[in-house]
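Engineer: In case you want the letters, here they are:
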Amino acid sequence: MEALKIIRAPAISLLIPNINTDVIMPSREMRKVERTGLKEGIFADWRYLPGSRDPDPNFIMNDERFESARIILGGENFGCGSSREFAVWGLYEYGFRVIIAPSFGDIFYKNCIVNGILPAIIEHGALEVLNNYCLNASPLEINLETKTINFSGNSLPFDIDNHALNLLLEGLDQIDRTLEYTEKIDTFINADKKNRSWVYISEIG
Amino acid sequence: MSHTLMDKIWASHLIHKFEDGDDLLLIDRIFLHERTGAFALKSLETKKLSVKEPSSVFCTIDHIVDIKPGRPNLSRMPEGQGFIEAMRHSAKAHNLKLFDLDSPEQGIVHVISPELGIVQPGLSLICADSHTCTQGAFGALAWGVGTTDLEHALATKTLKLRKPKNMRINLDGKWLEGVSAKDAILAIVSKYGASHGNGFAIEFAGPATEVLCMEDRMTLCNMAVEFGAFTAIIKPDQKAISWLKNRRYSPDNDVEIENYVAALFSDKEAVFDEEINFDVTSLKPYVSWGSSVDQSAPIDSLIPQVDGSEMPALDYMTLNVGTPLLGLKIDGAFIGSCTNGRLTDLRRAAAILKGKKVAPHVKAICVPGSSRVKAEAEKEGIDKIFINAGFEWCESGCGFCFYAGGETFEKGARVISSTNRNFEGRQGPQVKTHIAAPETVAASAVLGFITSKNQKEH
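Protein chains in written order, with my numbering: chain Z, 1 to 205; chain E, 206 to 663.
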């Protein structure tokens, strides 16, 4: 996963509450047991005219001013619904690196962080301000180290928990970090096997 | 110090506390399905890692399998077969238990995990599926994760995560005839909003929760993710213990477990970050009218005033403010899914369908939640009732609950559905899904328009 420090790009505005992962990545767009080849499926039902792959000119991703957009302004509970990580892989492959919203679906939020997308939380009022600024495709600058969104001399703070921020800044794989605790994990499991022996199924039948 | 039920389970699985506030938690059970399971295993292989404890991992094939009667061994989804083959291959390569299509134990993960006694009170259990919270009904800490988390848990038997906040929803009052857990959760989500539970583990409690059968408790917990919650849980009582007894993977040393389970409750003085009190006495059957679960209303009400952000939902549903929900003509009816595809759901629908016919213009589908549910329903003659009424009686799986490119309802059809999500396109291109309880789905299928068992006339 690529480390993330500063992103400067236009943002697309999708200020609708409860945009779910079915909308971000419709189920039928996940065609292979692979993390790639997903960017064409992002927002497929909104992006293309019904029953075709022709771009819907009314959808913001098809507006050429937003071709280089790397940021999404989303509504409340962005990424709710199915746990499908394909949604995040598709967003990443397309080039999105930041999603700014008042709140996120719990599983989606975590999926973003482990895949190098910043889920930045801001209040509704600040989101409105950003939205007005972004409508004409003026770029935003997101700085992870200062936890700020900067635009035309203004700076708005965003919220993210510190662990998530460090993972994004360093681009680290969490498994490697946890494996450093293997001894502690094994000690815990050995004790647990005595306390809760019935939890451990000895063989697969 | 007083603790909540969730706090207690969390504490018993806590291996390490990190400085950043996250915890390293032991994961007791992992369930994989073909849509995401093979991914995680493949990814482990590329990192030269193995599954830490294969005997704690179970696999099923449910999401994109064909559900047509006497199904061929394939997926109707374009390129879906690849996911099924990959799951089979990976399960074998890693020596994991797989409930394949030819197994009488196959079914939707959240239906078969309790059926087989894989979920048990006090366990931590994950699956890369958002409705894993269903299994909290047995007093387990069960939640949905992404594929990367799955991979982490497979390799380390742990997850690093932040402890959720505690919310308690107290259900009080008396359940009226024809009103069920599904109606209660739709009412709660629509009252508070689809994101209200973000960051919370919800404990359903109170007398009206305690009287529910295990299947209804599962329905309640299943929909917690539609409230935005991390998960939901219910105190395991004698009903839960008895329900799990003599299941295939249920442990047999009862005394030890019963002592353990006896401590699994929220202490009297435990403080919750939020409490909601909800009286079910005046509850009516609920139906969703929009494309988010919180856009639901009592069946005898009019579509409410909406704000600008909700207009796209009404446009999608081709409905107007002020239109009565009762009497809306439907083109399809669906009974199934991990929310309401269990035997009790089928029995309740059958009680309404018995001796009746589905309206001629309605395409009616029943997809049992597991192969065992299907077999037991057939033993009781429920299949005949469905088939005689004009329902298609299918093989078990997630089919028709979401659209993956295979069979679906007609484009743009209005469907009354026992499932959990009314999202745009969820059940097919432009399909308009109205979520409801199985009783409401059955009654509506017969009349051909939205109605409930309690409605005498229109």
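Just to be clear, a hint being listed does not mean it is correct.
[Said to hold, decoys possible] Take a look, some chain E residues computed to stay more than 10 Å from chain Z by CB distance:
id, residue
1, Lys-213
2, Phe-223
3, Leu-231
4, Pro-283
5, Asp-307
6, Thr-361
7, Asn-458
8, Ile-462
9, Thr-486
10, Lys-489
11, Ile-508
12, Ser-514
13, Leu-524
14, Leu-533
15, His-566
16, Arg-619
[Stated by the list, open to error] Here are the simulated lysine-lysine pairs, DSS-like style, with alpha carbons at most 27 Å apart:
id, chain 1, residue 1, chain 2, residue 2
17, E, Lys-213, E, Lys-247
18, E, Lys-658, Z, Lys-32
19, E, Lys-302, Z, Lys-32
20, E, Lys-297, Z, Lys-32
21, Z, Lys-39, E, Lys-252
22, E, Lys-658, E, Lys-584
Simulated from the structure, these hints should not be mistaken for laboratory data. Virtual Cβ for every residue (Gly too), placed ideally from N, Cα, C.
Engineer: Now look at each hint and say whether the structure bears it out.
Structural biologist: For each hint, the structure was consulted:
1. Lys-213: 13 Å, holds
2. Phe-223: Since the minimum Cβ distance to chain Z is about 7 Å, Phe-223/E lies within 10 Å and the statement is violated.
3. Leu-231: Non-interface label fails for Leu-231/E: nearest chain Z Cβ at 6 Å, not farther than 10 Å.
4. Pro-283: 7 Å, violated
5. Asp-307: Non-interface label on Asp-307/E holds, nearest chain Z Cβ at 17 Å vs cutoff 10 Å.
6. Thr-361: Since the minimum Cβ distance to chain Z is about 5 Å, Thr-361/E lies within 10 Å and the statement is violated.
7. Asn-458: 6 Å, violated
8. Ile-462: 6 Å, violated
9. Thr-486: Non-interface label on Thr-486/E holds, nearest chain Z Cβ at 29 Å vs cutoff 10 Å.
10. Lys-489: 24 Å, holds
11. Ile-508: Per Cβ check, Ile-508/E is outside 10 Å of chain Z; nearest 18 Å; holds.
12. Ser-514: 6 Å, violated
13. Leu-524: 17 Å, holds
14. Leu-533: 22 Å, holds
15. His-566: 23 Å, holds
16. Arg-619: Nearest chain Z Cβ is 17 Å from Arg-619/E, so the label holds.
17. Lys-213/E with Lys-247/E: 34 Å, violated
18. Lys-658/E with Lys-32/Z: 44 Å, violated
19. Lys-302/E with Lys-32/Z: At roughly 23 Å apart (the allowed maximum being 27 Å), Lys-32/Z and Lys-302/E satisfy the hint.
20. Lys-297/E with Lys-32/Z: 20 Å, holds
21. Lys-39/Z with Lys-252/E: Roughly 24 Å between the alpha carbons, so the hint for Lys-39/Z and Lys-252/E holds.
22. Lys-658/E with Lys-584/E: Holds, at roughly 26 Å.
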